[in-house]
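Colleague: Dock chain to chain to rebuild the complex, using the hints, since each chain is given by itself in its own frame.
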Amino acid sequence: MDVRSDRIRESSRAALEDRDLQRALGRAGPLLKSMRNAGMATLDRPEALRERAHAVKRETMARLDEMLTLLESRIKEQGGQVHWARSADEANRVILELARKNRARSVVKGKSMATEEIGVNDALSRSGIDVFETDLGEFIIQLAGEPPSHIAAPAIHKTRQQVSALFARHFGAEPTDSIPEMTRFARRILRERFLAADMGITGVNFAVASTGTIVLFENEGNIRLTTSLPRTHVAVMGMEKVIPTLEDLDVFLRLLGRSATGQKLPSYVSLLNGPRRTGERDGPEAFHLVILDNGRTRILGDPELRETLYCIKCSACLSFCPVYLQIGGHAYGWAYSGPIGSVLTPQLVDRKRACDLPYACTLCGACAEVCPVKIDLPRLMVALRRRYQESPEWPGPSSRVERAGMELYAKALEHPALYRLVSRLARIVQVPFRRGDRLVHLPPPFKGWAAHRAVRPLPPRPFHSRSAGSPGHPEEVEDE
Amino acid sequence: MRVGLFVPCLVDQCFPETARSTRRVLERIGARVDVPGEPVCCGQLLFKAGLWRKTVPAAKRMIRVFERFDRVVAPSGSCVHMVRRHYPTLFQEDPVWRDPSLELSRKIFELSEFLVHQSGVEDVGAFFPGRVTYHDSCQVLRGLGVREEPRRLLARVRGLELVEMDPPDTCCGFGGVFSFKFPDAAGALALAKAERILATGAGTVTGCEPSCLMNIEGVLRRAGHGVKAFHLADILAGSTAGSRPQSNHGTP
Ligand code: SF4
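Keeping their order, the protein sequence lines are chains A and B. Heads up: the first sequence at position 418 corresponds to 1385 in this note's numbering, and the numbers run straight through without jumps. Heads up: the second sequence at position 137 corresponds to 225 in this note's numbering, and the numbers run straight through without jumps.
Derived from the structure by calculation, the hints contain no laboratory data. One or more of the hints may lead you astray.
Derived DSS-like pairs: lysine-lysine, alpha-carbon spacing no greater than 30 Å straight-line [unchecked claim]: (1) B:K148 <-> A:K1378; (2) A:K1378 <-> B:K195; (3) A:K1341 <-> B:K195; (4) B:K148 <-> B:K195; (5) A:K1341 <-> A:K1000; (6) A:K1280 <-> A:K1378; (7) A:K1414 <-> B:K316.
From a predicted model like this one, the values you see are computed outputs, not experimental measurements.
Extracted from the complex, chain B is given alone in its bound form (with noise of 0.2 Å):
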């Protein structure tokens, strides 16, 4: 299977190393994984401050350099929900980009989806030492439907226990536009968030969507906490030698 790795522009920018874990991860359980070579991007922070029109030549962009790929995968949930909910909706009214639009809009997906219902692969072979706690951000949780799938991966994960929050699905507090609108209101919250995550005494904090883990982790810094934030990508591509990926549903 031809996989085109999306990488968002945040993480571009400021995770280069998530888009190679999600790489690393990808090809270890056995998909030929191409990265297109200028960057792109989906437009969600324009598409959600309400610049529609602006939006619209890059979303094309993304669509273009994404058509010659079967599946596309992203370590942003945030992103994959721009495409599938809303690139329908933009292009709705436009009769050349709308079946391009549907087409991306089905077969881009958040890596943790991918592995688990695309690929059938909960054992990615990964080493992580130390507990962890999942942060469910909005746009993975309520806007994909993924709950579950990051936690069988994690549970999956040698060395790494997995404990939870009380609860784990609060707003972090982004928002994207509206923590620099509000940044106070949003401050508050990613604060109330990390005290949810210090209650918990992991050492780290993971989950799909890397706006959700800048704005937490910038908080815990701030505040001298020692508590870490990984991308899921990035817990799973820390493997051990020898381990191998295991799938529940047949070879992917």
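Pulled out of the complex, with its shape left as it was, chain A reads as follows (with noise of 0.2 Å):
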């Protein structure tokens, strides 16, 4: 998928005066968060849980390699194949092999971030295969050509009026307000294309690596349908996703639904052990895992940054973020948005192009305290701003102006005779902008600021003020 994430300055400011997207955004942030709150609440110890979760991510993070080595095996023991990709290009071709080899031509998807990331619905359409999303939500958005906003709700940037407004496009089908209609038209066209379909890719949200089970969660009945009726199942994950044991899935089943939806359980929760044996009435005939790198070795190889791959795409950091909810997930640029996707898109992609993602972020902490395997994502939004301001490796999102500024600010910080120089200046450099109790026609960097906030004029003096005598007592002569 390309990224335009070093658009996001412009992008978010349009995404504000999108009046359609603030409705639907102003609407499902309350809506989300209540959801996720009552969810948790239905646990006995979230905490504990959270805690748990995090543990399993960390270990399993430790040996990777050996559980990805077992769950290979495993998987080869029932009869499936795995396929290694060090790219979303190596990915996209392994896809594209497997769909020429067995003569697909039209191929259904269950809704997942990683082959969001990799762009395999593109790879696939320039060859000439037919490539349909059947979540209701990826449904509606394939329509508009457009990527997913939100990780568990790919749609939620779409008003229904909207929604209602494709289908009679695309379908001719009658305009409603109904909800329940719609979703009955949209099944009717999905059936056809599940019937017809030679091939399902779907993404992986837990592979258990001591059984060889892929862990697939879904409200629709869709997934189950993509991994059954076709001939051949694909299923793309992303490397960090795999995890010991059965027992570890239970903590990460009383938490996603949980942190996405509120649900205690998704509607469906399919467990996949390869492709379909003798005997067995339904199941695809062959069973492909794609196990995705795409840069996240990398990820893996940096302490400080490693916690990144703890993620079980929940979506919930999103839900809570202040951010995200009032310029949505298009703004950012790529597959991952919210909170994740301003940590995780600078360490995947094009450095450079995502250098303003760890910024866009007021570092509230919001995410944090919802996040079900505890990763500290104000840290690494720190981290990576680090990263971004001091290594060579990381081109950096600072003007020449910024830098100069921050320089002076510092120096000042260093040296008190700087900071009394800066601020006497400060007191004089302001009068020419004063407007009574207000600075007004304020140059940059002051200048976004000050159009939407009336900026008061500095006091005439600091608190630590020279003419306040003796050090150590500076309020005795200042309060005159």
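Modeller: Structure, rendered in structure tokens:
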């Protein structure tokens, strides 16, 4: 998928002016939050469970190679095949090759972030293969020609009127306001696509190493059909999705649905063990697992950033992020959005393009508070900012002016005499901008700030002013 | 107890009155307050912008200047959080500065937590007439875990009626560098905050973080609303003659 994260400043501004988007987000935000909170409230000891989830992920990452090798051999024992893909291109080549071998003309897909990441839909359709999204939300945005804007609710940015208009335009459907009616309509279309499909592609929520089980969560039943009706099922997973045992799965089973939509369990949980065996009534004839690296090994080898890989893509951090809820997912410019997008994207794609993402955050900490695996997202955000500022391998996001300003500020904090000088100068410089109790027509970088706020002039003297007499008691003279 | 008053750069430059209020409140409960003669700053803006190397000299000064105090108190939750949470990270590989940074991180307190937990005081003898709503700043609430302390202090202020926002703990959109890089998104968040404040009908919004209050006040004033923003210290400093601080846990 194309990376447009370098445009986040422009696209976030456009998003703020998009009425439909603002309406959709304004409605979705409170709903997503209250659902997640209600879901977590049904747990006995949610904190302990989050700790446990974090620990499982930490331990798994510490021996990821071993876990993945075990997973591979279990899958093979069950008659499945495993493919390793170092990059998005490699993954797409593998999938395309499988499609060709199977003479697949039509592919159905379940909702999956990994396949968004690699952009498999484009790769397949360029080769003349039809790809149909079958998750309702994905179905909608595929019609609109847009990427998902939320991990769990991909079409969250669409109002129902927009959806109805899409159905009318593409299928000549009667315009309606009723969601059940639209759902029924979509189902009818999807049914035919399922029956005609030669291949099904899904993501993977968890891959259990000890048993070779692929675990998939969903609410609509479309994934179940995607994995069982077509002759071939291809599952694509980021290599961090492996977990050691079924017992560990229990921990995540209890957390994922609740964190995403507040559900104790999603409507369907599929545990898949390879292709159909003799005597079994359903399941695909062939099962392929594509294990995707695409930059993950590098993250794994970076102790400061490794925690990024603990993510189970539940979307809770998006639903609680004040910035995400203002600008929506598309502004982030790539598959992943919200806090995890701001942390993950710079580590997976062209760094220069993603350099503004870690700054699209107020460090409010709401995300870390809800993350089911307790990823310290604000810490990662600041760690990435540090890379961008201090490491030559991370091309910086700051302009010359910004850098000079920061340099001066830093020096002033180090040298009190300079601090006092700057403080005195600022009080002189502000004079021409002063209109009563406001500063107006301020130049950048204060311009944007002043566009939304009345800015007060600095008071005549700071607390620590020289006229304040003996050091240690500045207020004696200042109180006048 | 010798208390060092830490006046962060924002308070020093923009809110000198809040520094004086903090001192007044601390003295009223019987603390011996001392202010370092030279301005000093924790460096959080630099640190959070990613400029760790540039943060180090400021942080070292901060540690040195407050070495001689038993306790350090600041009218800014984010600065206290910076020292408590991030100084240990900043100096974790520095054999000389690691321990001093840890020491400061353990003895520095945001005003409301100092009053309630370190001094056992909830009633500082303050008087402030009117309806007030309290903004939970992110670094105060999620950073320091301070939610109840300011509310308990406000509950004892004579004449004050505390009304809660729905909800009180959403981010005001300041976020330091964020509001300069993304001024419009920051503005939208501040506006949403302002609307919640207005919905309470309060004439004053208060909090423990000067940067949020500056942000919120700017938006309110630009929209022509008369709601005032006061730091908690300023509210607690307002007193009626004769009222005396009382302790729930013995004399401070
Ligand atoms: S970072 Fe945490 S909250 Fe965000 S999607 Fe990943 S697991 Fe969920």
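Colleague: Does each hint fit the structure? Answer for all of them.
Modeller: Hints, verified against the model:
1. B:K148 <-> A:K1378: holds, 13 Å
2. A:K1378 <-> B:K195: Answer holds: A:K1378 to B:K195 is near 26 Å, not above 30 Å.
3. A:K1341 <-> B:K195: holds, 27 Å
4. B:K148 <-> B:K195: Holds, because 16 Å separates the two Cα atoms, which is no more than 30 Å.
5. A:K1341 <-> A:K1000: holds, 17 Å
6. A:K1280 <-> A:K1378: violated, 42 Å
7. A:K1414 <-> B:K316: holds, 23 Å
This entry does not satisfy hint 6, going by the numbered hints stated previously; all others are met.
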